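Chains as they are written, first to last, in my numbering: chain X, 1 to 590; chain S, 591 to 856.
Watch out, some of these pointers could steer you wrong.
[Unchecked claim] With a cut-off of at most 20 Å between alpha-carbon atoms, the simulated SDA-like pairs for lysine to any residue come out as follows: (1) S:K691 to X:V356; (2) X:K504 to S:N647; (3) X:K504 to S:T649.
Derived by calculation from the structure, the hints in this document are not laboratory data. Keep in mind the model is a prediction, meaning the values are calculated, not measured.
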Amino acid sequence: MAAATPRIIVVGGGLAGLSAVIKIAEAGGKVDLFSIVPVKRSHSVCAQGGINAAKDLKGEGDSVLKHFDDTVYGGDFLANQTPVKNMTAQGPAIIDLLDRMGVPFNRTPEGLLDFRRFGGTLYQRTAFAGATTGQQLLYALDEQVRRHESEGKVTKYEGWEFLSAVLDDNGVCRGICAMDLRSMEVRTFPADAIIICTGGNGAIFGKSTNSVVCTGSAQSALYQQGAFYSNGEFIQVHPTAIPGEDKLRLMSESARGEGGRVWVPNDKHDKRAAQSIPEGDRWYFLEEKYPKYGNLVPRDIATREIFKVVYEDDRGIDGQPMVYLDVSHLSPERLNKLEGILEIYEKFVGDDPRKVPMKIFPGMHYTMGGLWVDFQQQTNIPGVFAAGEADYSIHGANRLGANSLLSCIYGGFVAGPEAMKYATSLPAQAGDGGHAAEKQRQTEFNSMLLNNPGTENPFKLWRELGETMTKHATIVRYNAGLDEADAKLVELLDRYRNVNLSDKSQWANTSFAFTRQLWNMLQLGRVIVKGARLRDESRGAHYKPAFEKRDDERFLKTTMAAFKDGAPEITYQEVDTQFITPRPRVYTST
Amino acid sequence: MAAAEVTTPKHPASGRTITVKVKRQRTPDAAAVTETFAIPYRPNMNITSVLGEIALNPTTTEGKGTTPIAYDANCLEEICGSCAMLINGKAMMACSALVDKLTGPDGNGAITLAPLSKFPVVRDLAVDRSVLFENLKRVKAWVPVDGTYDLGPAPRQFPQVQEQRYPLSNCISCTICMEVCPQFNDATGFVGAATIAQAKLFNMDPSGAVLKEERLRALAGGGGVQECSFAQNCVQACPKQLPLTEAISDMGRDVFVQQVKDFFRR
Ligand SMILES: Cc1cc2nc3c(=O)[nH]c(=O)nc-3n(C[C@H](O)[C@H](O)[C@H](O)COP(=O)(O)OP(=O)(O)OC[C@H]3O[C@@H](n4cnc5c(N)ncnc54)[C@H](O)[C@@H]3O)c2cc1C
Ligand code: FES
């Protein structure tokens with residue numbers, strides 16, 4: 001018998017999760033919304049640049065078909081084309097809706113939406129709200145959810161962490177198992193369908209441009225429960241991030257757009273202050289290697305060159321992984337245009353980039369890969385849906401700037417109603433639907449951790465994980481290095497069994513929760529590494545010098561990772577290319 | 591290309607350490623204690639990286655093994671609003687608080703960390719600030735859209751309106767304005783500057799204005815806008831430089847006008 005009022009659990013309250021919640025509440029469903037952080041503090045707040053939609057308000061002849069083509073081409077043809085087509089078609093209506101919700105988008109003098117140009121397109125297609133578009137969009141959706149919450153349609157579980165899905169004897173999802181991050185209580189919650197919107201996985205790389213809770217832990221837990229994880233090896237590394245002690249903060253491409261120059265000292269141990277090193281003692285390596293494009297080579301090329309200078313030529317500033325991005329020579333008018341981003345640098349580094357060259361390095365930024373979903377956003381586990389950065393759809397081998405916020409909202413808008421549809425025709429569960437068994441499994445894992453007499457510090461293991469992943473599985477990949485990385489991950493998983501928590505208390509124990517996530521990060525690390533190891537080609541963000549070309553014959557395929565006998569097993573699935581025939585992706589002519 | 595040889599970045603061995611005194615509390619009811627840590631100094635450290643360093647080696651200066659410090663943080667770039675705490679006694683965001691600016695003129699001063707004082711402590715530096723989200727419900731800080739289906743474009747809005755609304759929409763819900771406000775306490779029940787600013791934001795939206803009167807009534811009477819004593823601490827402490835006092839006086843005026851209207855309607 002089908003449930004009278006479908007009960008849906010949404011895990012994650014970034015743009016994707018909140019979008020799904022709103023659609024379900026609107027359709028009369030009941031939603032329980034789970035999030036580690038208060039949803040208003042989700043990682044989506046970090047997005048600055050904007051959100052794409054082909055509204056063509058600039059009279060340039062832009063169209064949703066062009067947006068569709070740019071996205072597929074930018075993704076090096078690895079994305080299934082049907083959902084990309086649907087997303088780009090819905091773009092304009094999504095922007096209108098956000099505008100109606102009160103997002104303070106920038107305006108033209110006539111009071112219409114203003115648009116700017118972003119990478120990978122010739123059109124001004126990006127709507128923006130100052131330099132904080134993600135924050136403004138997240139708040140608009142958060143406010144709508146608060147409204148539904150005050151009307152009793154949504155129950156929030158903020159400060160609760162999803163641990164796993166509850167699966168019945170037939171492998172059908174019947175709810176979730178979650179942990180209260182204050183009382184550390186482990187509980188299961190019933191649901192007819194669940195939607196996973198848990199975002200990215202930057203923490204697997206130690207430091208990234210992502211927020212702290214972007215560990216990929218939930219996605220990994222589901223993968224270990226039988227969900228396919230797809231295209232994990234496709235990781236976007238942004239060329240210019242500000243290396244920090246705790247994170248890598250994004251430094252926008254516009255700094256180079258306005259004339260910023262990238263260089264390192266000829267002598268890496270040059271003790272002079274950067275600004276007093278004369279021209280002759282500086283190496284402007286991008287300008288030297290790419291006389292035509294100079295500092296404005298495409299993102300992936302800039303990223304690879306900086307990596308080479310630091311790790312192969314050993315020319316990083318003071319032996320550290322950093323190069324200079326210099327805007328100190330620019331005119332005051334140009335510096336003014338960069339005001340916002342220069343302030344970020346000044347605030348966090350303490351130096352004034354108008355006077356002192358900025359120190360930057362590429363930073364792990366975004367995962368194109370994620371949970372495998374069908375065109376209804378459902379994973380291969382019945383009743384488990386996924387949306388946002390946590391799923392693999394839309395971006396293929398490389399994401400275009402400002403397309404992620406759109407894909408999050410689109411994915412949530414599809415997943416919500418589809419989960420409702422699924423739930424309405426779900427047969428009733430037999431017995432307890434697997435709740436007791438799942439709770440026991442998680443409680444046992446917890447007591448194993450808390451009672452472990454070992455000697456390993458989880459934060460140190462995490463540091464080693466991050467260093468290994470950043471070294472072998474980001475910008476430039478070698479099969480030997482990937483093998484080494486996998487061996488290291490196996491070693492870390494082994495040492496994990498010997499982990500010792502300095503805090504064994506049962507109240508707001510953040511290091512305990514983190515240590516739980518670390519297990520899942522290690523497992524997902526292996527998926528990323530294995531996928532990269534087996535993909536002997538170069539496509540989008542995945543670059544192997546030993547296999548410089550894209551190889552459509554062998555690898556125009558979705559990577560499907562399944563958890564078999566404690567390790568990832570990789571198979572491949574055909575890509576939906578029914579609308580646009582794959583063609584070479586050429587940077588030099590752009 | 592040969593396999594890249596990567597070494598862990600070596601930090602200049604300055605040998606200098608930073609002294610950090612942390613006010614800690616194991617549970618909401620436990621007594622507070624202070625623990626002192628010595629952290630190896632590195633250039634450009636912020637307070638969240640200091641806390642991360644303690645987690646790597648949770649040992650006090652007396653050599654006593656202790657637990658990593660509990661605190662809230664997510665974005666680490668002063669946009670999610672999680673990490674507000676008292677740093678050297680001042681309410682600040684930990685992620686944008688740089689060590690170099692906190693150790694005094696000679697660089698040897700100890701840094702003190704404590705939880706915000708006006709909110710219930712959860713553990714150590716983590717506090718419960720859910721009161722703000724409840725206040726936002728009270729003033730209906732949202733635009734009541736008819737539905738999320740395609741209803742075409744929103745009304746036009748001049749750039750001047752956007753330019754006024756945008757700064758208010760930058761509020762990160764950090765609650766620092768409430769922490770520093772002398773009127774924010776149990777006696778007054780004052781909603782605080784952040785909530786009043788959000789009410790103004792939605793009253794200025796062409797569609798959000800449909801709930802304007804309800805918002806003004808929610809801000810009338812006890813705990814409402816009248817509790818403000820114009821100490822102006824909020825506007826000075828706000829990490830996002832919101833025009834808070836301006837919002838409060840605008841809303842104070844609107845609330846008064848609404849009250850007069852309501853009086854004559856009776
Ligand atoms: C610095 C930066 C700038 C960016 N700028 C842009 C831009 O300009 N344009 C653009 O299109 N994209 C941009 N992106 C990418 C974009 O911001 C993200 O891809 C997007 O916000 C992801 O949204 P999400 O809803 O999938 O997840 P998130 O916003 O990351 O939300 C994840 C949610 O899941 C919750 N969660 C996670 N794990 C669990 C668990 N186990 N249990 C319970 N809850 C959990 C979290 O609490 C959170 O609520 C940027 C990214 C970065 C890092
Ligand atoms: S961690 Fe987000 S504001 Fe400090």
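Item to check | Straight-line alpha-carbon gap K691 of chain S to V356 of chain X, limit 20 Å | outcome: holds (18 Å)
Item to check | Satisfaction of hint between T649 of chain S and K504 of chain X, Cα-Cα up to 20 Å | outcome: The hint holds at about 15 Å.
Item to check | Satisfaction of hint between N647 of chain S and K504 of chain X, Cα-Cα up to 20 Å | outcome: It holds: about 15 Å lies between the C-alpha atoms, which stays within 20 Å.
Comparing the model with each earlier hint shows no violations; every hint is respected.
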